[in-house]
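If you read the sequences in order, they're chains A and B. For the first sequence, my numbering begins at 241 and goes up steadily by one. For the second sequence, my numbering begins at 137 and goes up steadily by one.
Accuracy of the hints is not assured; some may be wrong.
Derived DSBU-like pairs: lysine-lysine, alpha-carbon spacing no greater than 35 Å straight-line [what the hints assert, rightly or not]: (1) A:K291 with B:K204; (2) A:K311 with B:K204; (3) B:K204 with A:K267.
Covered stretches of chain A, going by a simulated chain B footprint (3 or more residues, C-beta under 8 Å) [stated by the list, open to error]: (4) 254–265; (5) 312–318.
One side of the interface only, derived from the structure: several residues of chain B facing chain A at Cβ under 7 Å [as the list claims (entries may be wrong)]: (6) F145; (7) V148; (8) P175; (9) Q234; (10) G239; (11) L244; (12) P248.
No lab work stands behind these hints, which were simulated from the structure alone. It should be emphasised that the depicted structure is a prediction, and the values quoted were computed from it without experimental measurement. C-beta: ideal position from N, C-alpha, C; glycine also.
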Amino acid sequence: NAGVMQNPRHLVRRRGQEARLRCSPMKGHSHVYWYRQLPEEGLKFMVYLQKENIIDESGMPKERFSAEFPKEGPSILRIQQVVRGDSAAYFCASSPSGGSDTIYFGEGSWLTVV
Amino acid sequence: GEDVEQSLFLSVREGDSSVINCTYTDSSSTYLYWYKQEPGAGLQLLTYIFSNMDMKQDQRLTVLLNKKDKHLSLRIADTQTGDSAIYFCAEFLLRGYQKVTFGIGTKLQVIP
Numbered sequence: 241n242a243g244v245m246q247n248p249r250h251l252v253r254r255r256g257q258e259a260r261l262r263c264s265p266m267k268g269h270s271h272v273y274w275y276r277q278l279p280e281e282g283l284k285f286m287v288y289l290q291k292e293n294i295i296d297e298s299g300m301p302k303e304r305f306s307a308e309f310p311k312e313g314p315s316i317l318r319i320q321q322v323v324r325g326d327s328a329a330y331f332c333a334s335s336p337s338g339g340s341d342t343i344y345f346g347e348g349s350w351l352t353v354v
Numbered sequence: 137g138e139d140v141e142q143s144l145f146l147s148v149r150e151g152d153s154s155v156i157n158c159t160y161t162d163s164s165s166t167y168l169y170w171y172k173q174e175p176g177a178g179l180q181l182l183t184y185i186f187s188n189m190d191m192k193q194d195q196r197l198t199v200l201l202n203k204k205d206k207h208l209s210l211r212i213a214d215t216q217t218g219d220s221a222i223y224f225c226a227e228f229l230l231r232g233y234q235k236v237t238f239g240i241g242t243k244l245q246v247i248p
């Protein structure tokens with residue numbers, strides 16, 4: 241009964257490259273959330289997705305960031321043309337439904353832009 | 137609006153009790169969580185409390201909730217060096233789906 245799996249755990253990208261972060265929710269979970277933790281800060285909500293639908297992307301930067309949760313496969317958070325300010329830990333969480341009482345977090349993906 | 141505030145730093149001696157405080161603004165919160173994060177690691181859910189409860193105890197952890205003042209606290213009894221970490225308070229709002237708002241985190245330092 242694996243938990244929320246994120247990969248890669250650590251990713252280094254040069255400025256201008258693309259970063260792709262993957263999240264496999266817990267078995268039976270069809271709701272995925274992405275959060276970002278900037279250095280020395282708390283977690284900030286980015287986006288909430290259900291299978292094939294983006295429900296709330298109010299926390300996503302307007303440019304360069306996108307997220308998807310296809311019918312098959314993991315959820316992907318994609319950052320195009322990365323800049324140093326994108327360096328952060330990106331956490332994925334999942335829940336079985338939108339109204340359940342707990343969401344479960346993955347171990348996070350640490351992105352470093354050099 | 138949704139806002140969760142915590143003090144940034146707390147230092148205690150090993151064996152003493154630690155109390156980490158948190159205030160939140162949205163009275164429609166349904167659950168309030170405490171997470172622990174060790175350096176370079178993910179979030180570990182420590183405990184959570186329903187908004188209709190005043191207190192919850194789980195071994196060394198005691199959570200107190202004052203809904204009137206929108207104040208939440210986490211007490212760790214007999215604090216150990218392994219408790220050194222950042223502790224995040226988070227409020228859970230049901231807006232058709234769960235939306236979790238985190239505080240900035242309190243760094244707990246345990247002095248041997």
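Among all the numbered hints in the text so far, which are the ones the structure does not match?
Hints 1, 2, 3, 4, 5, 6, 7, 8, 11, 12 contradicted; others consistent.
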